[in-house]
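Number of protein chains: 4
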Amino acid sequence: MSEVLVVIGVGGMGETIARRQAPGKKTLLADFNQSAIDSLADRMFTDGFDVETQRVDVSSRESLTALATTAAALGPITQVVHTAGLSPTQAPLEAILNVDLVGVALMLEIFGPIVAPGAAGVVISSSSGYLTPAFSPEQEAAIRGASPEELTSLEMFSADALRNSPGMAYGVAKRANRVQVQNASALWGQSGARINSVSPGVISTAMGRQELASDSGAFMRSMVENSGTGRLGTPSDIADGVTFLLSPQASFITGIDLLIDGGSVAAVATGRARM
Amino acid sequence: MSEVLVVIGVGGMGETIARRQAPGKKTLLADFNQSAIDSLADRMFTDGFDVETQRVDVSSRESLTALATTAAALGPITQVVHTAGLSPTQAPLEAILNVDLVGVALMLEIFGPIVAPGAAGVVISSSSGYLTPAFSPEQEAAIRGASPEELTSLEMFSADALRNSPGMAYGVAKRANRVQVQNASALWGQSGARINSVSPGVISTAMGRQELASDSGAFMRSMVENSGTGRLGTPSDIADGVTFLLSPQASFITGIDLLIDGGSVAAVATGRARM
Amino acid sequence: MSEVLVVIGVGGMGETIARRQAPGKKTLLADFNQSAIDSLADRMFTDGFDVETQRVDVSSRESLTALATTAAALGPITQVVHTAGLSPTQAPLEAILNVDLVGVALMLEIFGPIVAPGAAGVVISSSSGYLTPAFSPEQEAAIRGASPEELTSLEMFSADALRNSPGMAYGVAKRANRVQVQNASALWGQSGARINSVSPGVISTAMGRQELASDSGAFMRSMVENSGTGRLGTPSDIADGVTFLLSPQASFITGIDLLIDGGSVAAVATGRARM
Amino acid sequence: MSEVLVVIGVGGMGETIARRQAPGKKTLLADFNQSAIDSLADRMFTDGFDVETQRVDVSSRESLTALATTAAALGPITQVVHTAGLSPTQAPLEAILNVDLVGVALMLEIFGPIVAPGAAGVVISSSSGYLTPAFSPEQEAAIRGASPEELTSLEMFSADALRNSPGMAYGVAKRANRVQVQNASALWGQSGARINSVSPGVISTAMGRQELASDSGAFMRSMVENSGTGRLGTPSDIADGVTFLLSPQASFITGIDLLIDGGSVAAVATGRARM
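Chains as they are written, first to last, in this note's numbering: chain W, 1 to 275; chain P, 1 to 275; chain U, 1 to 275; chain F, 1 to 275.
Honestly, I wouldn't trust all of these hints.
Label-pair restraints from in silico Cβ distances [stated by the list, open to error]:
no.	chain 1	residue 1	chain 2	residue 2	range
1	U	213	W	225	32 to 42 Å
2	P	134	W	113	50 to 60 Å
3	W	73	F	150	37 to 47 Å
4	U	230	F	73	26 to 36 Å
5	U	218	W	46	12 to 22 Å
Some chain U residues flagged as far from chain P (calculated, every beta-carbon gap over 12 Å) [to be verified]:
no.	residue
6	38
7	46
8	60
9	79
10	142
11	164
12	213
13	225
14	246
15	247
Everything labelled a hint here was simulated from the structure, so no lab data went into it. Backbone N, C-alpha and C fix where the C-beta goes; we use that ideal spot for every residue, glycine too.
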């Protein structure tokens, strides 16, 4: 029985990571968009991969639980890659919180207990989480203490606190991901498994270009131009980091976030890039 | 002319990293301890490595500049690994600041402009930097604004502010390393190079065991037992992370810190491990 | 000035390898098929890669020399990946020899002297070269002694010797690639560079499926079923091997072939798979 | 229950590989030399590794079976590294055959059926196997057909056929390793596992330097000087190749040999290096 790789979210980044990790494994592709998983499954089958699919709504406990049940039936789950996310240019505030905040909480809680010993998971967060003010210790404790379904009832995630801004909701949700992953490292550790996140900077995917073209585009361009690498990221850059975190070479790494941003957060933090 | 690898600090971790990265390169080993570099150079020569040595005092601009001059004369410097550090069980407050804070600042400033295009550097910091209260924006700006020699004159690094505690000095210096590396990513970027740090958790080296046996040992043991991995780290775990950060696969990573701690910081942050 | 990656041949395997190696580099895509390079260049540009293109006919010294000139003008050439090849289902005997045998010889000779110190190249050969009878020492010496343009005049590559069989020409050319790469390791070594080949087994690309559906398909299926892994290969498997050979971790590997075939050659050699 | 790594033979190469692969695993160190395993176990324990030891005589089925029983009791065996070997400067012909030929055969047969799904093994062979005349198909079939204990009774391994030369015995045994590993890929495949070998060239270990100083030293020096890399190998070079073969990135590689020789076999094959 082959090891099972679960990839949740099959956009450009999800596809790149799936193709990278899939050799020799049974891969379960999941996404909200049925035609997206069908299309990728067809193409990966053509390329020799052993692929299964299941539609999922990550904001639904029932839907994610069904996915986990399917995955567990396929064999020992050794890798979980969670790339499902909504950007502020794509969706309203509420949907962003349901997918980017609650969806991650549900995945961490549902998959943590069922992954195989030695397994590893990666959540794709965002460098936006680094450009959002730090949480207070009380806010961090509140995120850890809330069940996934209670998260959106916390005052810090109210529309008022977020000034009705999808962009702010996105940044706060992505910052919360780091608290969630840090906290979940205990639960995953009980399974002998590891869980980390990756925070991509400005990546040149369809979604990334959408954001570059949005109001926040000028700031993004300033970040890139003033960053240490001076370039946009590619899906390969993110897949390289994910591959490392999932590898035996990272067996002492859990509960952390790996920022892969070309140095753009540094450009902001040091005042070189400006809004 | 071979590529040049510079390894500053040749304790257990420095040796492991040096042996990992040295194949095919000219390696320049540097340390405060002449007999330590002579011994490692002998053993690495026996094992087929192409090794040079030079004594260095990282707290001295003159000494580090001399090292840089030697390195540049050997060929294009493509990798710099800075592992030189003093732990609170080894040294008084002032020495810790001079080595762990000023030494890093000097290395970043002196090597940044002379490394080859495509080069990468890694500073070994410590997870202690994550267990120290966050700096204020003003403190971060002060660290960035000060020359290496001015750093210890900042109020935040005064014996009073550090309560005359070598342990606190260590934690604050290691936290400062992240600010320094983030800031230096611009300077290194101008050379087409990258610079990052790694923060090891409780690693089972001679220095690590010394710390475990010290007053802070009970806390360390609690951190390890409540961490996601439940184990001590090894020099190999750190070398694996350093290898990744120095590799082409990390070409979009600069100005960041990679925490390799087995989940022990998470155990503290979530209240599972207690002082 | 960025390091330059040259990818010759942009089919499924070439694309996968190009995307894997391209981050942080200037990538020069070359192929006989102009629309194939235009299409891949567009898609890679969208994904944030820094891409240039040039049409090439690998069987022409003039055309490959022009490619090398373009590449050298872009910056230091640190990686060359040669995936251009014709399969027996696609082309007549003469074309196969011109591309798979002469094309490789020309690339090795033209690029060897101009790559940067520390550079590495990989030629994609085929496991078919392992299913072809071994050459005599005299035949190997003849391959080494002939200029690229003289190769097809050798008796061993005559239509008679190859029984007018494109399949036999393919196997013999691919076996010759190993002799060519072994021999070229001296020339590339003079540049401080390395050169190796990879021999993929039955890979599920468009070309691979074409071969599976051909007369030799039954034999291929028997090889896969009786192989140690029992599965078809994917472009990712090959890219993983190429990534290793191009990495600093392979700095002591040159002049060799890496067989990535899932164990299918072993199945034939041990008599488990039969024609 | 942790994954189990078995390292058979703990000389310089065995130690380097063990330290590289051991993080996060239970490591079982085995060697003929009890004090060697005790010493390495002590040092690895100090460095935070989880280590067990057992003395083994690889030329004895009973002894290797006892090792396998111990290993299996520790947990799922996911990696087996066989570095046990005798060089012609160390031992007489008979001992070389018993260790380098029979020992490998026994390990392949005994561990193949008990390793975990997804496991991988590596046998350290030698580039000497490439400098020995090729076997005839009948000889290869004889190697495959013989039980481990019958091997030394084959005519090709008689003292006469080997001209009473330990050096020739060594080369022939190492060449046979490739036939053995190729053949064993079927048995290991039935466990869902992979098995490969690595053939180091002239490596600067204690054993390597012994050989350099021996009668064959002049030839070795000629090989190195005329090789593509022009340098001696290091234990790190071999560990890098082993790490690749054991990694998920090599999941389509089984039954093969990876030559890591700096191009020295190429120097001999092409006539640049001479006896």
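Taking the hints in turn, this is what the structure says about them:
| no. | hint | result |
| --- | --- | --- |
| 1 | U/213 <-> W/225: 32 to 42 Å | 51 Å, violated |
| 2 | P/134 <-> W/113: 50 to 60 Å | 33 Å, violated |
| 3 | W/73 <-> F/150: 37 to 47 Å | 46 Å, holds |
| 4 | U/230 <-> F/73: 26 to 36 Å | 29 Å, holds |
| 5 | U/218 <-> W/46: 12 to 22 Å | 21 Å, holds |
| 6 | 38 | 26 Å, holds |
| 7 | 46 | 17 Å, holds |
| 8 | 60 | 31 Å, holds |
| 9 | 79 | 9 Å, violated |
| 10 | 142 | 33 Å, holds |
| 11 | 164 | 45 Å, holds |
| 12 | 213 | 36 Å, holds |
| 13 | 225 | 35 Å, holds |
| 14 | 246 | 8 Å, violated |
| 15 | 247 | 7 Å, violated |
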